[in-house]
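Take a look at the letters that make up each chain.
Protein chains: 2
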Amino acid sequence: MSSTGFAYSNLVGKSVPPPAPRWAGNADFNFVGGHNDRSLIPVEGLIEATASVLRREGAELALYSLAQGPQGYRGLRQFVADKLGRWRGIQAGADDVLITSGSGQAIDLINQVLLEPGDTVILEEFTYGGYLTKLRRLGVDIVAAPLDEDGIRIDALGTILADLKGRGITPKYICAIPTIQNPTGSIMPLDRRHQLLALAREYGVPIFEDECYADLTWGAMDAPPALYALDPSRVIHIGSFSKTLAPALRLGYVVADWEFMSRMVAIKTANDSGTGALEQMVVAEYFSKHFEDHVNELSATLKDKLDTMVEAVEREFGTAVEPWLPKGGIFLWMKLPDEVDVRKLVQPALKAGIAFNPGPEWAVDGAAAKSRLRLCFGLTTKEEIRQGVAAFARVCHDETGIPVQSGNVRHVAAESGE
Amino acid sequence: MSSTGFAYSNLVGKSVPPPAPRWAGNADFNFVGGHNDRSLIPVEGLIEATASVLRREGAELALYSLAQGPQGYRGLRQFVADKLGRWRGIQAGADDVLITSGSGQAIDLINQVLLEPGDTVILEEFTYGGYLTKLRRLGVDIVAAPLDEDGIRIDALGTILADLKGRGITPKYICAIPTIQNPTGSIMPLDRRHQLLALAREYGVPIFEDECYADLTWGAMDAPPALYALDPSRVIHIGSFSKTLAPALRLGYVVADWEFMSRMVAIKTANDSGTGALEQMVVAEYFSKHFEDHVNELSATLKDKLDTMVEAVEREFGTAVEPWLPKGGIFLWMKLPDEVDVRKLVQPALKAGIAFNPGPEWAVDGAAAKSRLRLCFGLTTKEEIRQGVAAFARVCHDETGIPVQSGNVRHVAAESGE
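For the record, the sequence lines run as chains A and B. So the number in the numbering used here is just where the residue sits in the first sequence, counting from 1, plus 67. So the number in the numbering used here is just where the residue sits in the second sequence, counting from 1, plus 67.
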């Protein structure tokens, strides 16, 4: 229904973001965000799980939060606790778990408990873009901890903490994605985990550990124990079902000491009336029986698609590209030559039907990451990956002259008619 | 896991609410909140709907928001538009509907678009307690519009608007629940709806219309058209599936002019990554076929339970009680004699296994509503209603001496051993 005269805009608050555009759909070659593989949504398994759990407990949907309180459906909390015990070395029970409406709500709750404008937090130099946008809206100072192929560099972090202490600043948290880092896909080795925790103890800083991708490793869940497992008193641990099952379901979780979690629960209770119970029930029922099989099949498929993407990127971009080879997950993080500013490729790529995440949105220092980008290989088929990466290389060449050669075709020669 | 030493409390922000207690479960006689009837959760219908919609569209769960954008699952938006057209006189299409994570999120989004600290809004004198707590946290001035058995009194509202105008204040909205008011259960007649809209036009104020209970009327959905139907340009209309289906599902909706909705969509996109898609898909699939039958059966059951509760209240409280007889919904709003302060009954009632909503939490002027209370008859069985109301009358008598007589038992006589 079109606007018929009343001017709401006179009444809108001063800090309200600009109007959203009408939804225009996704790009054909959709390498953006964290979508998953359509063929691996376990449709029949979810139908069976729904029938089973609703016949057993469906009448309880008549009560807010199934009358199980603000921490969420007990069956899902128990599954999370069991999963974390079996694969992540975490000793926790259902009462130590808070189910959230996606890991995004978990992040918001942690920030709402701890942060006030002017506070300082430490993030990995490349990290989930959602952290950056949320923290910037909160008016928080973000300090970048440098990364290498094993995660946060402990020497650099020590220098940062000492420097902050010298200025009288205790950061509110160190946010780390130690197991399948986003976007780099690295896994922090055990000895470095201990070093990180030692630094956190020395400086009195909690660690905010994000394991949203940790269940999707190429090596059958063989990462070292979670940071939370090594020091439950000072680590706030979050995870998600968006990547292991489906992002259109909005389910994440937190494991934390009750002193901290009780603050999160108080805020969640004031903000919502619970997380959707049907999704919690169905995921608990399905994953209580099928988690390991599903995640193993998914990881194998993702590894195959990663290999396809790495081949395509190397074929199309040649020596112009430096990919970080991930140890799991759904992303390929890569660097183009310094003279390429990927921000200038976003619109031309979209016109060619290609969506990607520019590095500056995934970096504390955006300008310094202007030649980096992230490609998701979760959604697209292998053929779409090959076609899409080739099309992206053409866009990149048309805009920047790079790459000079794709496969065995020299672009410059093709343009001159040879 | 118990606390093992790290003191998060040193790091917690200054305005964070106190820690939540561990969940203690619901009361035996649970007349609080907006729970529904367990026996009317359509378990087999939901299972069938899940199988049908997942076999058709389940693979799309692999994409955030099913790749259908931030307004929600198109099938549910279309159902909402059709329902509102058929029963509420509203002409809207799927693009005019925003699905939210419960009506609570809709309320938050409306407030986030319009309100800044120090703003003024007009609410009904008795209203949904969630409005009051949310608005007080936002630092907004709330002006109460008096109610009678037909909803907002237009003469009084006119005086309020003129008075505010005289002080240079334009309220950001008039929030009304014209169709099954919460807590009174009234339905505003058509002529008064026109008068309300005329006042809103005269003073340049939008109307925030809440129809969360409007589908549950005793008279087969025979209420006058929604306010939105009468003036779509200045009414923001919200509804919910919590009462028509199940509150543990978190699904609400908004219909509003795109100028306004585009602001809500922008904020929702910044705050979440969509509303849970499985619940949207299942509700759309189930209600597209079964809405009328389900709501008719539910309303008949609720009317029967209301009659049981009114009988019980009159039997147990006699002339001490003045109930407002609702025209639909799940609540009985009533007043005890002025000397009873229901706030002092909350804890003794809980000890006796009875939970109720004290009037002050449902009133702009809490102290003035100290003798009022709200009982939900949605959850409890008829036998529990009879037992619970009798138990509540005993608690009330023990604490206040009122009621003097329950049924044909004079409490004072019983106590003196006669």
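These are computed hints drawn from the structure, not numbers from a lab. Small disclaimer: the values here were computed from a predicted structure and weren't measured. Just so you know, not all the hints are guaranteed correct.
Treat identical chains as interchangeable: a pair holds within one or across any two.
Distance condition first, Cα-Cα at most 25 angstroms in a straight line; then the derived BS3-like pairs of lysine-lysine [claimed, not checked]:
#1 Lys81 with Lys232
#2 Lys402 with Lys437
#3 Lys370 with Lys437
#4 Lys81 with Lys201
#5 Lys418 with Lys370
Going through the hints against the structure:
For a Cα distance limit of 25 angstroms, the shortest separation of lysine 81 from lysine 232 across copies, 22 angstroms, qualifies, whereas the shortest one inside one copy, 36 angstroms, does not. In this homomeric assembly, lysine 402 and lysine 437 come within 25 angstroms of each other (Cα to Cα) only inside a single copy, at 9 angstroms, whereas the closest approach across copies is 66 angstroms. Taking identical chains as interchangeable, the C-alpha atoms of lysine 370 and lysine 437 are never at most 25 angstroms apart, the minima being 27 angstroms within one chain and 64 angstroms between chains. Taking the closest pair of Cα atoms, lysine 81 and lysine 201 come within 25 angstroms of each other both inside a single copy (18 angstroms) and across two copies (19 angstroms).
Within a single copy, lysine 418 and lysine 370 get their C-alpha atoms no closer than 29 angstroms, and across copies no closer than 58 angstroms, so neither meets the 25 angstroms cut-off.
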